[in-house]
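Undergrad: Below are the chains, spelled out letter by letter.
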Amino acid sequence: QSALTQPASVSGSPGQSLTISCTGISSDVGNYNLVSWYQHHPGKAPKLMIYEGYKRPSGVSNRFSGSKSGNTASLTISGLQAEDEADYYCCSFGGSTTFLWVFGGGTKLTVL
Amino acid sequence: EVQLVESGGGLVQPGGSLRLSCAASGFTLSSYEMNWVRQAPGKGLEWVSFISGSGTTIYYADSVKGRFIISRDTAKNSLYLQMSSLRAEDTAVYYCARDIVETTRYFDYWGQGTQVTVSS
Numbered sequence: 001q002s003a004l005t006q007p008a009s010v011s012g013s014p015g016q017s018l019t020i021s022c023t024g025i026s027s028d029v030g031n032y033n034l035v036s037w038y039q040h041h042p043g044k045a046p047k048l049m050i051y052e053g054y055k056r057p058s059g060v061s062n063r064f065s066g067s068k069s070g071n072t073a074s075l076t077i078s079g080l081q082a083e084d085e086a087d088y089y090c091c092s093f094g095g096s097t098t099f100l101w102v103f104g105g106g107t108k109l110t111v112l
Numbered sequence: 001e002v003q004l005v006e007s008g009g010g011l012v013q014p015g016g017s018l019r020l021s022c023a024a025s026g027f028t029l030s031s032y033e034m035n036w037v038r039q040a041p042g043k044g045l046e047w048v049s050f051i052s053g054s055g056t057t058i059y060y061a062d063s064v065k066g067r068f069i070i071s072r073d074t075a076k077n078s079l080y081l082q083m084s085s086l087r088a089e090d091t092a093v094y095y096c097a098r099d100i101v102e103t104t105r106y107f108d109y110w111g112q113g114t115q116v117t118v119s120s
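The listed protein sequences correspond, in order, to chains A and B. Going by this note's numbering, the first sequence opens with residue 1, and the numbers climb by one from there. Going by this note's numbering, the second sequence opens with residue 1, and the numbers climb by one from there.
Take the hints with a grain of salt, since some may be wrong.
[To be verified] Computed list of lysine-lysine pairs in DSSO-like fashion (alpha-carbon distance at most 30 Å, straight line):
| id | chain 1 | residue 1 | chain 2 | residue 2 |
| --- | --- | --- | --- | --- |
| 1 | A | Lys-55 | B | Lys-43 |
| 2 | A | Lys-44 | A | Lys-55 |
| 3 | B | Lys-65 | A | Lys-55 |
| 4 | A | Lys-47 | A | Lys-68 |
| 5 | A | Lys-108 | A | Lys-55 |
| 6 | B | Lys-76 | A | Lys-68 |
| 7 | B | Lys-76 | B | Lys-65 |
| 8 | A | Lys-47 | B | Lys-65 |
| 9 | B | Lys-76 | A | Lys-108 |
| 10 | A | Lys-108 | A | Lys-47 |
| 11 | B | Lys-43 | A | Lys-44 |
| 12 | B | Lys-43 | A | Lys-108 |
| 13 | A | Lys-108 | A | Lys-44 |
| 14 | B | Lys-43 | A | Lys-68 |
| 15 | A | Lys-55 | A | Lys-68 |
| 16 | A | Lys-44 | B | Lys-65 |
In case anyone wonders, no lab produced these hints; they're calculated from the structure.
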């Protein structure tokens with residue numbers, strides 16, 4: 001079973017920018033248009049932040065952006081705000097030969 | 001407004017059974033693919049099961065295959081997960097999530113989850 005790798009934690013001060021990386025085998029993150037990112041505040045419903053690698057759903061702040069470099073997908077948050085403190089998960093549909101959704105281990109973002 | 005509300009979680013002994021429900025509103029369940037995703041304590045998200053909009057295609061993660069059954073009731077616009085032969089490692093918050101299938105694929109709405117605890 002494939003897996004997506006994320007840093008366990010990142011931190012930044014209000015107003016700063018930071019990036020969360022997501023690496024995986026070529027059949028997952030390599031298929032960039034299947035990468036999505038979710039924000040999860042404990043006790044609440046996860047929220048879609050980025051889909052198709054870089055697109056933002058309506059209502060999501062343009063401070064959030066998605067990109068890819070090689071076999072790594074990234075979520076960048078600019079102008080950090082206190083409410084951005086949450087867990088962030090990358091996800092990819094890795095169903096080339098079998099039906100399988102794969103998530104990264106999650107990154108805890110702390111706003112200092 | 002799209003809403004997903006899970007219920008049915010609780011404390012169950014190892015080997016026991018539990019049925020989770022996910023009540024959908026703001027859209028018609030039969031028009032969308034749906035999934036169950038779980039999060040064990042201190043762990044990340046794990047996909048559990050999928051059901052197509054037509055209800056004819058179903059998939060399970062290897063970790064639950066043969067023990068969990070996904071289903072839906074179009075009249076009640078609800079999704080279900082029948083869990084049996086429960087193990088300690090099934091302890092998690094269970095979320096239902098709507099699956100969007102286009103040239104890309106993603107979960108656009110999630111519920112707030114229901115806690116399942118398997119313990120003696």
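Undergrad: For every hint, state whether the structure bears it out.
TA: To see whether the hints hold, each was checked on the structure:
Restraint check: the Cα-Cα separation between Lys-55(A) and Lys-43(B) comes to about 27 Å, which is no more than 30 Å; the hinted pair holds. For a cut-off of 30 Å, the pair hint linking Lys-44(A) to Lys-55(A) stands: about 23 Å separates their Cα positions. Pair hint Lys-65(B) plus Lys-55(A) does not hold up; C-alpha atoms about 33 Å apart against a cutoff of 30 Å. Proposed proximity of Lys-47(A) and Lys-68(A) is supported: the alpha carbons are some 21 Å apart, at most 30 Å.
Using a Cα cut-off of 30 Å, the hinted pair Lys-108(A) and Lys-55(A) holds, with the two alpha carbons roughly 22 Å apart. For the suggested pair Lys-76(B) and Lys-68(A), the alpha carbons sit about 41 Å apart, so the restraint of at most 30 Å is broken. With a CA separation close to 26 Å, the supplied pair Lys-76(B) and Lys-65(B) stays within the 30 Å bound. Restraint check for Lys-47(A) and Lys-65(B): the C-alpha separation of about 27 Å stays at or below 30 Å, so the hint holds.
Pair hint Lys-76(B) plus Lys-108(A) does not hold up; C-alpha atoms about 37 Å apart against a cutoff of 30 Å. Simply put, Lys-108(A) and Lys-47(A) have alpha-carbon atoms about 15 Å apart, close enough for the 30 Å limit, and the pair holds. Distance hint between Lys-43(B) and Lys-44(A) is fulfilled; the C-alpha atoms sit about 16 Å from each other, no more than 30 Å. Proximity of Lys-43(B) to Lys-108(A) is assessed by CA-CA distance (about 12 Å); at most 30 Å being required, the pair is judged to hold.
Only pairs whose Cα atoms come within 30 Å are accepted, and Lys-108(A) paired with Lys-44(A) is accepted, the gap being roughly 15 Å. As the CA atoms of Lys-43(B) and Lys-68(A) are separated by approximately 25 Å, the hinted pair is consistent with the 30 Å bound. This hinted pair checks out: Lys-55(A) and Lys-68(A) have alpha carbons roughly 12 Å apart, not beyond 30 Å. With a C-alpha separation of about 27 Å, the suggested pairing of Lys-44(A) with Lys-65(B) holds against the 30 Å cut-off.
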